[in-house]
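Just so you know, the sequences run in chain order Z, A, D and L. Under this note's numbering, the letters of the first sequence match residues 1 to 362, in that order. Under this note's numbering, the letters of the second sequence match residues 363 to 724, in that order. Under this note's numbering, the letters of the third sequence match residues 725 to 1050, in that order. Under this note's numbering, the letters of the fourth sequence match residues 1051 to 1376, in that order.
Derived from the structure by calculation, the hints contain no laboratory data. We treat Cβ as the ideally placed atom computed from N, Cα and C, and that holds for glycine. Fair warning: there could be bad hints in the mix.
[To be verified] So the derived list for chain Z, only partly shown, Cβ under 8 Å to chain D, looks like this:
| # | residue |
| --- | --- |
| 1 | Gly101 |
| 2 | Ser119 |
| 3 | Leu122 |
| 4 | Gly137 |
| 5 | Leu150 |
| 6 | Ser269 |
| 7 | Asp272 |
| 8 | Gly276 |
| 9 | Ser280 |
| 10 | Glu343 |
| 11 | Tyr346 |
| 12 | Ser347 |
| 13 | Val361 |
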Amino acid sequence: MLQRSSVEQELEREGSVNKPTMTTKTSALSKEELIELLKQMLLYRRFEEKAGESYAIGKIGGFCHLHIGQEAVAAGCITPLKKDDYVIGTYREHTQALAKGVPPEAVMAELYGKAAGTSGGLGGSMHIFGTDVGFMGGHGIVGGQLAVALGIAWGIHYRGGDQVCVCFLGDAAVNQGAFHESLNMAAIWNLPVIYAVENNDFGMGTKFSRVSKTAMSQKSASHGVPARVIDGQNVMSTYADFGEVVEEVRKGAGPQFVDVQCYRFKGHSMSDPVSGTYRSKKEVEDKTENADPIKILCDHMFDSGLLSPEELQEMDGEAREVVKRAAEFAEAAPEPDIKSLYENVYSEANPNGRLFFDGRVI
Amino acid sequence: MLQRSSVEQELEREGSVNKPTMTTKTSALSKEELIELLKQMLLYRRFEEKAGESYAIGKIGGFCHLHIGQEAVAAGCITPLKKDDYVIGTYREHTQALAKGVPPEAVMAELYGKAAGTSGGLGGSMHIFGTDVGFMGGHGIVGGQLAVALGIAWGIHYRGGDQVCVCFLGDAAVNQGAFHESLNMAAIWNLPVIYAVENNDFGMGTKFSRVSKTAMSQKSASHGVPARVIDGQNVMSTYADFGEVVEEVRKGAGPQFVDVQCYRFKGHSMSDPVSGTYRSKKEVEDKTENADPIKILCDHMFDSGLLSPEELQEMDGEAREVVKRAAEFAEAAPEPDIKSLYENVYSEANPNGRLFFDGRVI
Amino acid sequence: MAEITYRDALNQALAEEMDRDESVFLLGEEVAEYDGAYKVSRGLLERFGERRVVDTPISELGFTGLAVGAAMVGLRPVVEFMTFNFSLLALDQVINNAAKMGSMSGGQVTSPIVLRGPSGAAFQLGSQHSQSCEAWYLHTPGLKVVAPGTPADAKGLLKTAIRDNDPVVVMESELLYNLKGEVPEGEEFLIPLGVADLKREGGDVSIITHGQMIHVALRAAEQLAKKGVEADVLDLRSLRPLDVESILESVGKTNRAVCLEEGWSYGGVGSQVVSVLMEEAFDDLDAPVLRVTQADVPMPYNKKLEAWSKPSVSRLVEACEKVCYV
Amino acid sequence: MAEITYRDALNQALAEEMDRDESVFLLGEEVAEYDGAYKVSRGLLERFGERRVVDTPISELGFTGLAVGAAMVGLRPVVEFMTFNFSLLALDQVINNAAKMGSMSGGQVTSPIVLRGPSGAAFQLGSQHSQSCEAWYLHTPGLKVVAPGTPADAKGLLKTAIRDNDPVVVMESELLYNLKGEVPEGEEFLIPLGVADLKREGGDVSIITHGQMIHVALRAAEQLAKKGVEADVLDLRSLRPLDVESILESVGKTNRAVCLEEGWSYGGVGSQVVSVLMEEAFDDLDAPVLRVTQADVPMPYNKKLEAWSKPSVSRLVEACEKVCYV
Ligand SMILES: Cc1ncc(C[n+]2csc(CCOP(=O)(O)OP(=O)(O)O)c2C)c(N)n1
Ligand SMILES: Cc1ncc(C[n+]2csc(CCOP(=O)(O)OP(=O)(O)O)c2C)c(N)n1
Ligand SMILES: [Mg+2]
Ligand SMILES: [Mg+2]
């Protein structure tokens, strides 16, 4: 169960004082909003823990990147969205898919590689899609989703809609050409896209300051895309501040760049140690103790009398239950059929000519 | 012969008032320096005119991009360099090659596709190389040379040399991912490279303001690479200001971004009209009349008593003579041998295995 | 039937499909105000406005990704690469996103995108601007590739490509833009993907080719005819899907084949056709199938060397004679 | 001879060549402080310092271009792609600059660059991370490509590649990094490019393959032997230059061949080998040359489907039996 601890709202990050940090209006959040955020984050935490366990016993394969410690980002950035808004992410996207409304069973089944998974077991952990709820996929090539997000925003603009597209990226992705090409075009065409950096300060083992001379908030400067820095560990700020950005963009403010500062409690992927050469055990322990987004929210709610330990326990129990059911569902679900391999490579069978050249007959 | 006219030092370009323009120290230039700059520009002008003529009668093929109107850029930016400094350019690079010391005959012979050309006739107008004098080639993929320049500067840094690498690019190239990836790495490693934008305000028919929301001087901001704006029509400023940048970089100032503002008097390439939908005939005429870099320099020298019309005529005659001889040389030079096709694809014949799969025997 | 140029045929295809379907739009460098570097999009800006005819910055990776994203939300983008040489910069978006997303999303996403522009060498543009780009795209399942060689094929294939629900790469040729030919009228003039066209019926040897090389093949066939050898000229038109049936039919009849293509040989189109013949027509073959390709070097600038490097009528004639043992 | 892993063999090759030649340096993502994503560069930072072992940002196009430029001024960069899947982003620099600059500069420029990293599928990484990338590189003259399948070949080929004056693409395999094998000692252990290695001598059928597929081939050969079919397993090792002589020699003896490769079939390595055999060994062939390749789909995540998609021992055995008419 989660422990009470003193609220630690400030992220200690070099240079953050010089950044155009937003002013947080957390006081405006209602009890219902806070409870929803808490429930969401509990779900993500328990989901990711389960994914980690299942990975350890070989139920999940390939690469698997967890959001443990970064739950406030999906909760804070996606909860303010409408159903027909779009979200697109990286290979670290389980919780974003959940936040946008992809059912936990379907996500877990995908991790298990089952036919009932979001991609019928063909995508895996890095490629969760839920286009019916506007979740436009997890993408594995660093930076690749940035250009795609531009197109989604273009689609909104083309049709004159009032949706927004939130494009998540890691801090390391800003060094890809795709990032700059995307921001530049979004700027000249004033597209409704928010580039939300899940800034955990590391790309695998590389600290951001080693691969950029400038601060994150400077990275959109070449393109005239406004930058904000928001706290991604205190979900109340994340939610309030990001929600404000969303509404501005919906009203036509054009592309925005948001540095959502957060911290990854686990390794880069399941095969990467939690700490090691690139960050100390002490740093990780400190953060885990003092910057856990769930703790921070609970502490606030306890202090304000909006939550009792019993209520928390109950909600947490519900989250665990949902995740347990998802894992059971995934476990029981059938394997995909070999036929499915050829079904979605092209969206329809071509009446003429040959499309596949492997000479295999199924 | 060139006409006298009133000096027109100010380029009227929107927004230029807001830019970090350098203060020009033209007064410090000696008579010898001015004469050298003039001779250089006369050579470029006559060379490009000849190339245009030869193209018109089919002696030169393919794409051909001239520098007429932009002569001050090569003269002003390259004259301050030492022989072992490096220059790398785009497909619009004839005058830069000449400026760095590639012999006019060899450049012209390359345009004519002859064996005596800089690339033995295999490169053509867009690919003039003179590595012995530090001219690292003309490159045809917009943005491609930007990453290469990074490597040249890396080489200097690796060996601890005090050379600099000047990388020319067009204004339209700043929208390529390669530009940003290059600047970012140059910045983190503090490499001795100067990104010199030959900013003629158009990429083919596209005005810069249509493809960038921000001013040129903003384009390096994401990376913390300092930006300057210099006048690329008044060669005295170009030379003085750019020379200053070169010496700073030589002393270890790290990468610099320089917006060299200039104007192209001719079409983008030989097949593009001089004016048309994208800029008016009047605009081009105005610029040709009032912003001719050779006129601007001559006017200054006439006014200061450093040049007489007779001297100018003599220098121009010499330039014409050099170009005439280059064209005669190119005309008379032999065609390359078919064998040469296979000679430089790999730098040496491989003793084992097959490298070429066309089944051709020569 | 009207005689129009290959350029105008493409232009008509674009205009008709944009007229028919509001979700079709064109984007690329200089396609709008400048009417396209090769004027294929002439007049489209005026007719359809800047919402649907979009000048982009020089950001190939970025605007190709834009097309992928726009397709995900139901639009049908047509991307013009000024030339396919520049598309190498965008290849990650094409291979890793456009081609794979259908499969990796379990069919949630489709990518009805057309990527078009000139491929192959024109005249003396040097190695960076003179590359045949078929091989990059053909290797990858999830993509379709067509290469029209006549105005009618250009119109019919481009229209079909735009209506297709998968990414289709349309490789045009700068050397064909001015070529005139009869083009059937009517909005419903479509040429199905995956159907080759026997541009000449011979019977003695099958020349299997595509794109602008069909004209080299037709000239060679005339010369061969004078020598008593009658060649089938099979224009593949569509390289993926590939009309294997027509290939086998022609070779089943002639028992001899030569593959002609503009590009390099290692892993080129011809190598795949040879492999198909090896696997499925081995017993039909009376002689080895030969390939005529570009010289295996970066395309040189020099005019004579360039001409020598391109596949020529005389090389093709020679290869045909060889397989016919004449 | 010491038994070491493929990973350590590569590590030794890097260390020895960096020791020997001060102009050699290694760059890529996570190669220095993190010792490489797959630990191939373990200890090199400590030994050679950050000047020569360089962590880069995630900017594949940019740092590959850096290598081209550094090579132009006399250095010998070794680029590690974390995996070759990401090299698509850098392909423009490889094709248009590294491969063409020698020719387009008339020989003024050379590009002694090594591009290395794992290619092909590992386990369940999904389609964007499981691609065999040989075809992109092989198509282009100006590049050399090798694909070592054993620790000894890994060391010998990488050392030769680093000393070569042209761009050499070294395709490793994630699935081989832990493989142990005997590796000759001594700094001068080099394996020349363009020399295939007959990893098993049989005589009845030639299995022509490369990279990690040689182990599939060797297992298949054992099974075939039990059925009385003795297979040659020819490990090409080097794909360009290609040891055509050894291919012809083996097939001249067996009169039957199967090409086995990890990647897709359209325009793959096998298609080129088939074409060479068609052109130069037609009369030797007693059966069509078959190819065994990956299923022609983006690699699926699901474990069973992935296993099914990869070329397998049983498919190879079947193909060999087919060409042997048993
Ligand atoms: C183009 C590309 N290069 C390299 C990789 C390998 N890779 C996967 S994740 C990663 C680090 C990315 O870090 P960041 O963007 O900060 O995201 P985070 O993992 O921290 O969420 C790298 C190098 C890749 N997937 N794609
Ligand atoms: C990657 C790429 N895309 C497109 C082109 C075609 N192209 C050649 S020059 C040019 C315009 C470049 O303009 P700019 O960078 O301003 O240079 P300028 O020609 O004005 O000197 C374009 C689009 C190319 N060569 N490379
Ligand atoms: Mg990160
Ligand atoms: Mg320009």
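Proposed interface contact between Ser269(Z) and chain D, which counts if any beta carbon pair is under 8 Å: 18 Å, violated
Restraint check, 8 Å cut-off on beta carbons, for Leu122(Z) near chain D: 6 Å, holds
Val361(Z) as chain D interface residue, shortest Cβ-Cβ below 8 Å: Hint on Val361(Z): violated, closest Cβ of chain D at ~13 Å, above 8 Å.
Hint validity - Glu343(Z) Cβ closer than 8 Å to any chain D Cβ: 7 Å, holds
Given hint Asp272(Z) near chain D, where the shortest CB pair must fall under 8 Å: Nearest chain D Cβ about 23 Å off; hint violated.
Hinted contact Tyr346(Z) with chain D - closest CB pair below 8 Å: 5 Å, holds
Interface hint outcome for Gly276(Z) [beta carbon to chain D under 8 Å]: 30 Å, violated
Status of the Gly101(Z) interface restraint (C-beta, 8 Å, chain D): 14 Å, violated
Hint check, Leu150(Z) versus chain D [nearest Cβ-Cβ separation less than 8 Å]: Since chain D brings a Cβ to about 5 Å from Leu150(Z), closer than 8 Å, the hint holds.
Hint status (Cβ of Ser347(Z) to nearest Cβ of chain D, threshold 8 Å): 4 Å, holds
Hint check, Ser280(Z) versus chain D [nearest Cβ-Cβ separation less than 8 Å]: Hint violated; Ser280(Z) Cβ to chain D Cβ min 36 Å, cut 8 Å.
Cut-off 8 Å, beta-carbon criterion: hint that Gly137(Z) touches chain D: 6 Å, holds
Violation of the numbered hints given earlier is confined to hints 1, 6, 7, 8, 9, 13; the remaining hints are satisfied by the structure.
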